Every structure is written in structure tokens, then in C-alpha cells.
Amino acid sequence: MNWDWSAVSDFMPDFRAGLLVTLQILVLGSLISFVLGLVWALLMRVPTRWVTWPVGAVTEFVRNTPLLVQLFFLFYVLPEWGLTFSALATGVFAIGLHYSTYTMQVYRAGIEAVPAGQWEAATALNLPLRRTWTAVILPQAVRRVVPALGNYVIAMLKDTPLLMAITVLEMLGHARLFSQENFRFTEPLTVIGVAFIVISYLASLALRALERRLVH
Amino acid sequence: MTPGLWELVLKGVWVTIQLLVCSALLAAAVSFVVGVARTHRLWIVRFLAGFYTEVFRGTSALVMIFWVFFVLPPAFGWQLVPLWAGTLALGLTYGAYGSEIVRGALTAVDPAQKEGGIALSFTPWQRMRLILLPQAVPEMIPPFSNLLIELLKGTALVSVMGMGDLAFSGNLVRLALQESAEIYTYILLIYFVIAFLLTRVMRGLEKKLKAGVGKAPAGKTKAAEPVVVEAVR
Numbered sequence: 001m002n003w004d005w006s007a008v009s010d011f012m013p014d015f016r017a018g019l020l021v022t023l024q025i026l027v028l029g030s031l032i033s034f035v036l037g038l039v040w041a042l043l044m045r046v047p048t049r050w051v052t053w054p055v056g057a058v059t060e061f062v063r064n065t066p067l068l069v070q071l072f073f074l075f076y077v078l079p080e081w082g083l084t085f086s087a088l089a090t091g092v093f094a095i096g097l098h099y100s101t102y103t104m105q106v107y108r109a110g111i112e113a114v115p116a117g118q119w120e121a122a123t124a125l126n127l128p129l130r131r132t133w134t135a136v137i138l139p140q141a142v143r144r145v146v147p148a149l150g151n152y153v154i155a156m157l158k159d160t161p162l163l164m165a166i167t168v169l170e171m172l173g174h175a176r177l178f179s180q181e182n183f184r185f186t187e188p189l190t191v192i193g194v195a196f197i198v199i200s201y202l203a204s205l206a207l208r209a210l211e212r213r214l215v216h
Numbered sequence: 217m218t219p220g221l222w223e224l225v226l227k228g229v230w231v232t233i234q235l236l237v238c239s240a241l242l243a244a245a246v247s248f249v250v251g252v253a254r255t256h257r258l259w260i261v262r263f264l265a266g267f268y269t270e271v272f273r274g275t276s277a278l279v280m281i282f283w284v285f286f287v288l289p290p291a292f293g294w295q296l297v298p299l300w301a302g303t304l305a306l307g308l309t310y311g312a313y314g315s316e317i318v319r320g321a322l323t324a325v326d327p328a329q330k331e332g333g334i335a336l337s338f339t340p341w342q343r344m345r346l347i348l349l350p351q352a353v354p355e356m357i358p359p360f361s362n363l364l365i366e367l368l369k370g371t372a373l374v375s376v377m378g379m380g381d382l383a384f385s386g387n388l389v390r391l392a393l394q395e396s397a398e399i400y401t402y403i404l405l406i407y408f409v410i411a412f413l414l415t416r417v418m419r420g421l422e423k424k425l426k427a428g429v430g431k432a433p434a435g436k437t438k439a440a441e442p443v444v445v446e447a448v449r
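Here the protein sequences line up with chains A and B, keeping their order.
The C-terminal position of the first sequence is numbered 216 in my numbering, with every residue numbered one higher than the one before it.
The C-terminal position of the second sequence is numbered 449 in my numbering, with every residue numbered one higher than the one before it.
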């Protein structure tokens, strides 16, 4: 095994650029998945099966098919329909959509875990449906599910390299480019592998701290 | 879509299934070994198993695949056949996730069961094989079923390395037809059907294993909870 530290330092500028893109994907993708997941979860509670069946079927389909193929689908099919986005925007949307089908389940569990007495109290106080949701149910439900949402953010971090397949230059994309230009594979790939472990470990520590604060 | 292109897709399905079966077997072996090691009485064994889990869960499966394909060959002087390289990367990564399931299910077994085994002077191996595992394994099936779906989705990653799986055959057909909507819809549908069949098989397996230790399959108690909320709303 031949390890060359100079290759590591040569890779650093590319690494920083890639890290920035990865974090960008992560933040935007998380926001999309949080919002869209809540939308799915609320739609699943609409009391008519004309809404719940299609939403349930679509989210089930998205959850059970590979993100990679979904990325290809959006990246190649949307332009055919006359919708052209940058690769990064397509990737962020795809990853946000994919994970929204997971966060939807998290929100659902959180909403179901709100005690029935809260619903009854809202009815007794004659709160309109909108106020019941925004002032009573959601604040309690969302508080409960923050740790679970955080787990999906970490999972999403580990799926960001997939965007390399649709030409987005994030960490793995930069590492691959650097490897092919300099014909050194060991150093860049190991550096980003370690970077993923470190970031996700730090994120899980932060999550545990957040969880402890929310419990008290 | 011409018959020739369908043949290509079918070949892709076959590679995906091969990869799925091989890496699922490796992942299952890894999860049981590492998961049981995490409940070992020696701290060094627990520490090493925990370290393995953190490292392989911490990194991305795709980065791991790149690593196995590009870093291992020059480092050790041998190169794996793509199928085995993909199996190794996926099996080790998803095995780390699986080991958490095994550990969780083992610690969830009533401690009195273990104490009963000690009182009857079973050896640690006998306790594990005859008392803990038969009760823990049925509890592992639902999370393992989810993990198996994740693994199926993970197999698509090897197409990035040029392995001819289902996702890769989709790309070939796209290039051949210069048209993407149709073929990618078919590819997604095929993945969905495989995932659906897998969940069915796993559910049947759970029922069988639960009957083996005298437990009714869950489901009825689970469905009761949402109904209460629904009625109130």
C-alpha cells in the first residue's frame, strides 16, 4: 500500500469545494423532505380515499424504488417534457422527494402519538380545524419526531454521493475527477470516506444532545 | 421496445437478483456475527464490533463501492470480479446496519430467560442457540425486511461502476432508443415489483417463525391505535 501525503494536500482544494456542495445538497434536500413529508402526512389524513389512495400509492412507490434510478428518471425525462433544470437542482429535488416518503412516516407516527385528550380539548374549546392543527397537534407532534427526522438527515448525507451519477460535482464527484486526472485513487477516496464517517459521527452526537434537550 | 432490448433488461434483472441474494447472505452473516459480538462479555470484543458498526454505518455505500473497486486492487495486488466486489461492499455496509437490529432484538429478550439458562447451567453458546436466538429472530424479521428493501435499492449503485444490473441496462436502452420516459418507468416498476414480492415473503417468514415460539403474529394490536385517533377527530 503506497500512501502519498502530497496527494492528500493536492486534493484539499477540490475536497473543500465538494464538501460545500455536499452540505448544500444536504441542507436543501432536508428542507424539501421536511416540508413535503408533512404535506404527504397531512394529505394521508384527509377523510376521503380519493386523496389517501393516490398519495399512499405514489409515496409507497417512491420509497420502494432506488434513488439512483429516480435521479436518472428526473434528469433525463424532465428535459424531454420541456422542463430543464440544472443537475444540482434536479438532484436536490429528487433526494428531497425520496426522503419525504420516509419523513412522512415519521410525522404520521408523531401525529398519532399526540394523546386523544388533546383532540378532545381542541373540540371542547371549539377551535377551528386549522387552529387545532397549527396550535395544538403539530407543535406537539413535531417536537416528538425531531430525533427521528435527524436520523434521516444522516441517512440522506450518505446518499448525496449518488448525485455524482447525474454529473453533480460533490465530494465523490470531485474525488473521482481528481483520481482520473492524477491517477491516484487511494488518497482522495479514503479522504472522503473518512470525511463521511466523521461528519455522520459528529451529526449523530449533535442529534443525541438535541434529543436530550427536547426530552427535558 | 424491441425484444432484443427486453432481453437486455431481463439480463439486468438477473444480475440484480444475483447481487441481491449474495449480498443479503453476506449481510446476514455479518449482522449475526457482529450483533452477537456486541453482547459479548469481553469489552474488547464489544468495542471492536462497535467500531466496525460505526465505521461501516458512517460511510456512504457508494463511497464504499468506489473504495472496493479502486483502492483494494492496487493495495493488495488482486482484483475482485465485479459481482464479488459489489457483494463485498454492499454486504459489509448493510451488515453493519443489520448488526444493530440483531443487537437490539437480543437485548430485548426478557432477562429472566437468560437467567433461566444460567440456572440450568447451559453454556453461553447453548444459551445463545437454544434460548436467546429462537426468541429474538422473529422480532428481527420486520426490521430485516425493511433493510432488505434498502439493500435492493442499494444494488442499483453498482451500475455506476459499469456492472450490468437493472439500472445499468436501463441506461443502455435509453442510449439505444434516445428516449428515457418509457424505459425508466419500466425499470422503476420492476424494482417496485421485486420489493413488493420481498415484503410478502418476509411477512410469511415472520408468521412462520412466530408460530414456532408460540406467539400470535402482530398486526391486530397495531391497527387498533390509529382508530382511536380517527374516531376522535
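Be a bit skeptical, because a hint or two may be false.
[Unchecked claim] Listed next, with one range per pair, are the computed distances between beta-carbon atoms:
1) Leu405/B with Phe183/A: 20 to 30 angstroms
2) Gly82/A with Glu366/B: 31 to 41 angstroms
3) Ala87/A with Ala328/B: 27 to 37 angstroms
4) Ser337/B with Arg143/A: 47 to 57 angstroms
5) Thr323/B with Ala113/A: 39 to 49 angstroms
6) Leu226/B with Ala113/A: 15 to 25 angstroms
7) Ala328/B with Leu19/A: 35 to 45 angstroms
8) Ser337/B with Gln118/A: 36 to 46 angstroms
[Stated by the list, open to error] So these bits of chain A aren't anywhere near chain B, every CB distance computed over 12 angstroms:
9) Gln24
10) Leu67
11) Phe72
12) Ser200
13) Arg213
Hint data in this document are derived by calculation from the structure and do not stem from the laboratory.
Just so we're clear, the structure is a prediction, and the values are computed from it rather than from any experiment.
The C-beta atom is built at its ideal place from N, Cα and C for all residues, glycine as well.
Quick rundown of the hints versus the structure:
The supplied range of 20 to 30 angstroms is broken by Leu405/B and Phe183/A, whose beta-carbon atoms lie about 41 angstroms from each other. For Gly82/A paired with Glu366/B, a C-beta distance near 34 angstroms keeps the hint of 31 to 41 angstroms intact. The hint said 27 to 37 angstroms for the Cβ distance between Ala87/A and Ala328/B, and at roughly 57 angstroms that hint is violated. For the pair Ser337/B and Arg143/A, the beta carbons lie near 49 angstroms from each other, so the given range of 47 to 57 angstroms is met.
Distance hint for Thr323/B and Ala113/A: a CB-CB separation of about 23 angstroms, inconsistent with the stated range 39 to 49 angstroms. For Leu226/B paired with Ala113/A, a C-beta distance near 45 angstroms fails the hint of 15 to 25 angstroms. With their beta carbons about 50 angstroms apart, Ala328/B and Leu19/A fall outside the hinted range of 35 to 45 angstroms. For the hinted restraint 36 to 46 angstroms between Ser337/B and Gln118/A, the CB-CB distance of approximately 53 angstroms leaves it violated.
Annotated as non-interface, Gln24/A keeps its C-beta farther than 12 angstroms from every C-beta of chain B; the closest such distance is 16 angstroms. Non-interface status of Leu67/A relative to chain B is broken: a Cβ of that chain comes within 12 angstroms, the nearest being about 7 angstroms off. Remark: the non-interface label on Phe72/A conflicts with the geometry, its nearest Cβ contact in chain B lying 6 angstroms away (cut-off 12 angstroms). A beta-carbon of chain B comes within 12 angstroms of the beta-carbon of Ser200/A; the shortest separation is about 5 angstroms.
Taking the minimum C-beta to C-beta distance to chain B, about 23 angstroms, the non-interface status of Arg213/A holds against the 12 angstroms cut.
Violation of the numbered hints given earlier is confined to hints 1, 3, 5, 6, 7, 8, 10, 11 and 12; the remaining hints are satisfied by the structure.
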